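In order, the protein sequences belong to chains A and B.
To convert, note that position 13 of the first sequence is 13 in my numbering; the numbers rise steadily by one, no gaps.
In short: position in the second sequence from 1, add 1000, done, that's my numbering.
Everything labelled a hint here was simulated from the structure, so no lab data went into it.
Everything numeric in this text was worked out from a predicted model, so none of it was measured.
Cβ coordinates follow ideal geometry from the N, Cα and C atoms, glycine included.
Please note: incorrect hints may appear among the correct ones.
To be verified - Quick list of simulated restraints, FRET-style, between CB atoms:
id, chain 1, residue 1, chain 2, residue 2, range
1, B, Asp-1146, A, Ala-92, 45 to 51 Å
2, A, Val-88, B, Ser-1143, 39 to 45 Å
3, B, Asp-1088, A, Val-57, 25 to 31 Å
4, A, Asp-101, B, Asn-1090, 20 to 26 Å
5, B, Phe-1043, A, Thr-99, 22 to 28 Å
6, B, Leu-1132, A, Gly-18, 32 to 38 Å
7, B, Leu-1017, A, Glu-95, 21 to 27 Å
8, B, Leu-1132, A, Ala-92, 55 to 61 Å
9, A, Leu-141, B, Asn-1068, 18 to 24 Å
10, A, Phe-15, B, Gly-1077, 42 to 48 Å
11, A, Val-88, B, Leu-1132, 26 to 32 Å
As the list claims (entries may be wrong) - Chain A regions said to be covered by chain B (calculated; three or more residues, Cβ under 8 Å):
id, stretch
12, 32-43
13, 58-64
14, 69-83
Unchecked claim - Partial list, computed: chain B residues near chain A (C-beta under 8 Å):
id, residue
15, Val-1009
16, Met-1052
17, Gly-1060
18, Thr-1086
19, Pro-1109
20, Val-1121
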Amino acid sequence: MDMTTLPLVALADLFPRGVAQYAVGGLLIGLGVAVIYLGTGIIAGASTFLESTLSYVSSVPRFNRAKYLASRDWRVVFTLGIVGGAAVYAFAFGEFGWTTDVQWWRLLGGGFLVGVGTRVGKGCTSGHGVCGVGSLSETSLVNVATFMAVAIGTAQIVAALGVSP
Amino acid sequence: MRGDDERGVAFTLVILLGGLVFGFGLGLSGMAKPEIVLDFLQFEDFGLLFVMGGAAVVSGVTIFGATNFLDRAPLTGRGYTRRLKTMDRNVPIGGVIFGVGWGVSGICPGAAYASVGLGNVTILWAILGMFLGAYAQGFVRSSRADDAGATAATTTD
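Using the sequences and the hints, build the whole thing.
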C-alpha cells in the first residue's frame, strides 16, 4: 500500500458511513436531555420507564415505590416523545418502515439481559452513558467502561460463532 | 395517582419536547438500528463514538452550567443537581449483564423505543425482553426483601 494514502484509507475504514449523522445525532440526544433538565431539573434516563411502567400492572413492591409512582406518568410521555421524534426522523428521511434483520431470539434474549442489567446497575446508555458521564460521576464511568468492554467482547464472540445478523 | 412531578401542561410539553428531540437524535445517529450498533461493537464502524461523545458533551456542559450558574428549574422548583449514584458491587455486575445483553442484541432501552418510531416492529421482541428482564429483577429483589423482612424485621432499599 502506498504510505501517503494510508491515513485517508484508514479513516474511511474506521468510519465507512462518515461521521456527520453520528455527531449531529449525538448532539441532539444531549439536547433532548438538556431541554428536560433545564426546564424541570429532572435527569431523564430511558430505562427507569421499564420499572415505573410495570407499576401500572404489577403489585410487586419494587415497582410501586413512591418515586416510580410519582414519575411514571411523565416517563410514559417521555417515551412517547422518543417514539414520535424517531418517527419524524424516519418520515423526513424516507426511512419509515425500516425493520431490523437481527434475529428475534437475539433481540428477546439480549433485551432480557439489558432489562436485568440496567436495573441491577442503576442505569443504561442514557442514564449512565449520557447523564452520568456528563456529570463526571465515578459510578457511571465504572458502569459505562464495564458494559462497553463486555458488549464489545460479546458481539465479537457472537460474530465469531458465525451468527449473522 | 398523580405524581409530585406533574406540574401541568407546560411540564408535560417540556418532557414531550425533550423526548422528541432525544428520539430524533437516536434515529439520526443510527442508535435505533441494531445493525449499526453491532457494527460498532465489532469494530467495523466507529461512528458511535461521536454519538456518545456528542451527547455526553452537551449534557456535561448543560449540567455544569446549571449547577454552577442557575438556581432552580422554572417548572418544578427543583434545584439543579448532577447525576451521582452510589457506588457498590451492583454497578459493575449490572454493567456486565447489560453489556452481554447489548452485545447480543445491539439495542438499548431508549434506542429500542426510537426504533419503534422507525416502524421497526421486529424490535418489539427486544422491548418485550427488556420488560421481562426488568420484571424478573424487580420480582426477585422484592422477594428477597420480603424474606429479609420476615427474618430480621427490617427493610432496606
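Structure-based check of each hint:
no.	hint	result
1	Asp-1146/B with Ala-92/A: 45 to 51 Å	holds, 50 Å
2	Val-88/A with Ser-1143/B: 39 to 45 Å	holds, 42 Å
3	Asp-1088/B with Val-57/A: 25 to 31 Å	holds, 29 Å
4	Asp-101/A with Asn-1090/B: 20 to 26 Å	violated, 34 Å
5	Phe-1043/B with Thr-99/A: 22 to 28 Å	holds, 25 Å
6	Leu-1132/B with Gly-18/A: 32 to 38 Å	holds, 37 Å
7	Leu-1017/B with Glu-95/A: 21 to 27 Å	holds, 22 Å
8	Leu-1132/B with Ala-92/A: 55 to 61 Å	violated, 33 Å
9	Leu-141/A with Asn-1068/B: 18 to 24 Å	holds, 21 Å
10	Phe-15/A with Gly-1077/B: 42 to 48 Å	holds, 44 Å
11	Val-88/A with Leu-1132/B: 26 to 32 Å	holds, 29 Å
12	32-43	holds (count 12)
13	58-64	holds (count 5)
14	69-83	holds (count 13)
15	Val-1009	violated, 11 Å
16	Met-1052	holds, 6 Å
17	Gly-1060	holds, 4 Å
18	Thr-1086	holds, 7 Å
19	Pro-1109	holds, 4 Å
20	Val-1121	holds, 6 Å
Against the hints set out earlier in the document, violations occur for numbers 4, 8 and 15.
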